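Peer 1: Next come the chains, spelled out residue by residue.
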Amino acid sequence: MSSITELMPFIVLIPLIAGPICALLPGRALPWLLTTVSMATAFVLSAMTLAAVFDGATLSYAFGNWAPPVGIEYRVDAANAFVALLITGVASVLLPWGRPIVDAEVPERQGSFYALLLIALAGLLGITLTGDVFNVFVFLEISSLATYGLIAHGRDRRALLAAFRYLIMGTVGATFLLIGIAFLYILTGTLNMADLATRLPSTEASRAMQVALGFIVVGLAIKLALFPLHHWLPNAYTYAPSLISALLAATATKVALYVMLRFIYDVFEPGYSFTALPLSAALMVMALGGMFAGSWLAMMQTNLKRMLAYSSVAQVGYMVLGVSLVTLAGLTAAFLHLFNHGLMKAALFASAGLVAWRCGSVRLEDMRGIGREMPWTLTAFALAGVSLIGIPPTAGFISKWYLISAAMEDGQIWLVVLILITSLMALVYIARVVEIAWLQPRPDDAPAVQEAHWTLLVPVWLLVAANFWFGIDTRLTVGGASMAAEALVGGRLLP
Amino acid sequence: MKDNAILVVVARFLIPLMMLFGLYVQFHGEYSPGGGFQAGVLFAAAWILFVFIYGLETGLRIIPQRVIYTLACLGVLLYAFIGMLGVILGGNFLDFHPLLDAPRAAQQAGIILVEFGVGVTVASVVMLFFLLFARRRADSEAAGLDPDAADDVETDRQ
Chain V
1 MSSITELMPF
11 IVLIPLIAGP
21 ICALLPGRAL
31 PWLLTTVSMA
41 TAFVLSAMTL
51 AAVFDGATLS
61 YAFGNWAPPV
71 GIEYRVDAAN
81 AFVALLITGV
91 ASVLLPWGRP
101 IVDAEVPERQ
111 GSFYALLLIA
121 LAGLLGITLT
131 GDVFNVFVFL
141 EISSLATYGL
151 IAHGRDRRAL
161 LAAFRYLIMG
171 TVGATFLLIG
181 IAFLYILTGT
191 LNMADLATRL
201 PSTEASRAMQ
211 VALGFIVVGL
221 AIKLALFPLH
231 HWLPNAYTYA
241 PSLISALLAA
251 TATKVALYVM
261 LRFIYDVFEP
271 GYSFTALPLS
281 AALMVMALGG
291 MFAGSWLAMM
301 QTNLKRMLAY
311 SSVAQVGYMV
321 LGVSLVTLAG
331 LTAAFLHLFN
341 HGLMKAALFA
351 SAGLVAWRCG
361 SVRLEDMRGI
371 GREMPWTLTA
381 FALAGVSLIG
391 IPPTAGFISK
401 WYLISAAMED
411 GQIWLVVLIL
421 ITSLMALVYI
431 ARVVEIAWLQ
441 PRPDDAPAVQ
451 EAHWTLLVPV
461 WLLVAANFWF
471 GIDTRLTVGG
481 ASMAAEALVG
491 GRLLP
Chain W
496 MKDNAILVVV
506 ARFLIPLMML
516 FGLYVQFHGE
526 YSPGGGFQAG
536 VLFAAAWILF
546 VFIYGLETGL
556 RIIPQRVIYT
566 LACLGVLLYA
576 FIGMLGVILG
586 GNFLDFHPLL
596 DAPRAAQQAG
606 IILVEFGVGV
616 TVASVVMLFF
626 LLFARRRADS
636 EAAGLDPDAA
646 DDVETDRQ
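So the sequences go chain by chain: V and W.
Each residue of the first sequence is one higher than the one before, counting from 1 in this note's numbering.
Each residue of the second sequence is one higher than the one before, counting from 496 in this note's numbering.
These are computed hints drawn from the structure, not numbers from a lab.
Hints should not be assumed to be uniformly reliable.
Just so you have them, the derived chain W footprint on chain V, three or more residues with Cβ under 8 Å [claimed, not checked]:
#1 13-21
#2 56-63
Chain W regions said to be covered by chain V (calculated; three or more residues, Cβ under 8 Å) [said to hold, decoys possible]:
#3 506-513
#4 586-596
Model, not experiment: these values are computed from the prediction.
Where is the CB? At the ideal position from N, CA and C, for every residue including glycine.
Using the sequences and the hints given, assemble the complete structure.
Peer 2: This is the structure we're talking about:
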């Protein structure tokens, strides 16, 4: 057993153990420091894990030395490691950025705030790394419960209502997943993913198996905020503290998509999933609906954070569209956009967070002419927006390019047209912010706004730079995404 | 409610019994039905009954809120510590075999310790839940408000 196999579970264990310690720490500096150090350590471990599985290897760790499939197993291939790298990477960059903003937004009891944050991240990482379907449910509940608490920390009282709405929807989603897992357990008598994957094909196809797949896909679609199940998302992202909006937008929906793909492609065979249920058509309709409705609603918004939230609904649509093509190229495009969208939304929400902190408001009418007062922040926003629209040389262009190539390869030219139309809609809503911030004059009665300190701008610009870096050097992103797609399909035939 | 003789007599009889039963469930959890979760809830139920009879102030004099909060974290940390002990002694996380030489005794010791952590956390978190709701009610009564009135959350204007 190589040493990285023994270190890999600590990606989850470090934040999970640091959480309760953090809850006991007094003051402001110590909880933040512990959180940042643990996420940075987890990031290093994730990078080492991804390097170890990049050649197609699979790492397996048996908890308590109980051999799988009886014990709980962490099973990591390129798909898990790729998502874990995104989560820990974005968290490590955003935490140094978020410190003064959290000081302003959550002045009291920061120990428990950061403890919840660590536990939410541990939950997301646990979902990503585990090889046990019941463990997925447990970690989903851990991360969701912590997330509800974090959203409720928002300064606006509407944050409570948003958290409650998310709680209702999230619980429905988790319950659906649990029902699906229970059906799988009844059918096969096992909860281990690898064991399920070998037993399900020899199990006689039955209505129960169809129902299990249906419940699992719908339950995860709620967590994924797939149109039309996205209703919890805009308010949750709008009223949550800025750090939480940025982190959630970059990680939470991505993890839900990853688990959904793990179920569709690995636990069930793709040959079963896409023939037992009309998944391909259903996912495509919902993806296109999300792309158009999300972009349209984003164009209508008067609140910057809410605009970005609706844009997330649209971007989830692109990822799911890649999945719905049921080709290796489509799956690669989905993983690629999963990673790249995490980078661009983190950069956009991070610069929006700076505006919210300095300006005290993220309403577009209060942002008139702010570009001249906070040039570095708004330039970062515009450049991250360029990546969101998909203009070369940015990461957004690469993921759209792969998505379009996948659609062309499948012979579906009309999808290319729809992707281009929604990209133009993204251009409209990003350009609107740029126009308001740069071209409109600052109203005379507007309060003076200062540019954020450079220590806060560095993480934001790091994210923007990553968007450009991965638009030029695609070895990590495209390589990782295609390895992830191949790990999930695993040589099985696609229908 | 400590003026009501029947309640006080029944509670005095019941509370120690509930706590004892909680401990029974806790320490037989490794080989019979039970364990930390159930034991924690039973133990917390006894404390809640005590608060019902003798009031929140008396209950908090025995165990202040800060202590309950700390215990909730320490319980998880005990679990994590025992789990890490397996790693430090050369096994996997939550591997109890390296703890003692005899494999059966090692498993039992590990499970009892881990379940004790679970029990402490569950008991203190259930107490915290009750405490926060009870405090909120007491606060709004002290402020002269009707605690059963609906909160007027500002509606979403956008």
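Peer 1: Evaluate each hint against the coordinates.
Peer 2: How the hints compare with the structure:
Only residues whose C-beta sits within less than 8 Å of a C-beta in chain W count toward coverage, and the stretch 13-21 of chain V has 6 of them, enough to reach three; the restraint holds. Restraint check on the stretch 56-63 of chain V versus chain W: 3 residues with Cβ-Cβ distances below 8 Å, three needed, restraint holds. Counting residues of the stretch 506-513 of chain W whose C-beta sits closer than 8 Å to any C-beta of chain V gives 0, which falls short of three, so the coverage hint is violated. With a threshold of 8 Å between beta carbons, the proposed coverage of the stretch 586-596 of chain W by chain V holds, since 7 of its residues qualify and at least three are required.
Hint violations for this structure: number 3 only, all remaining hints satisfied.
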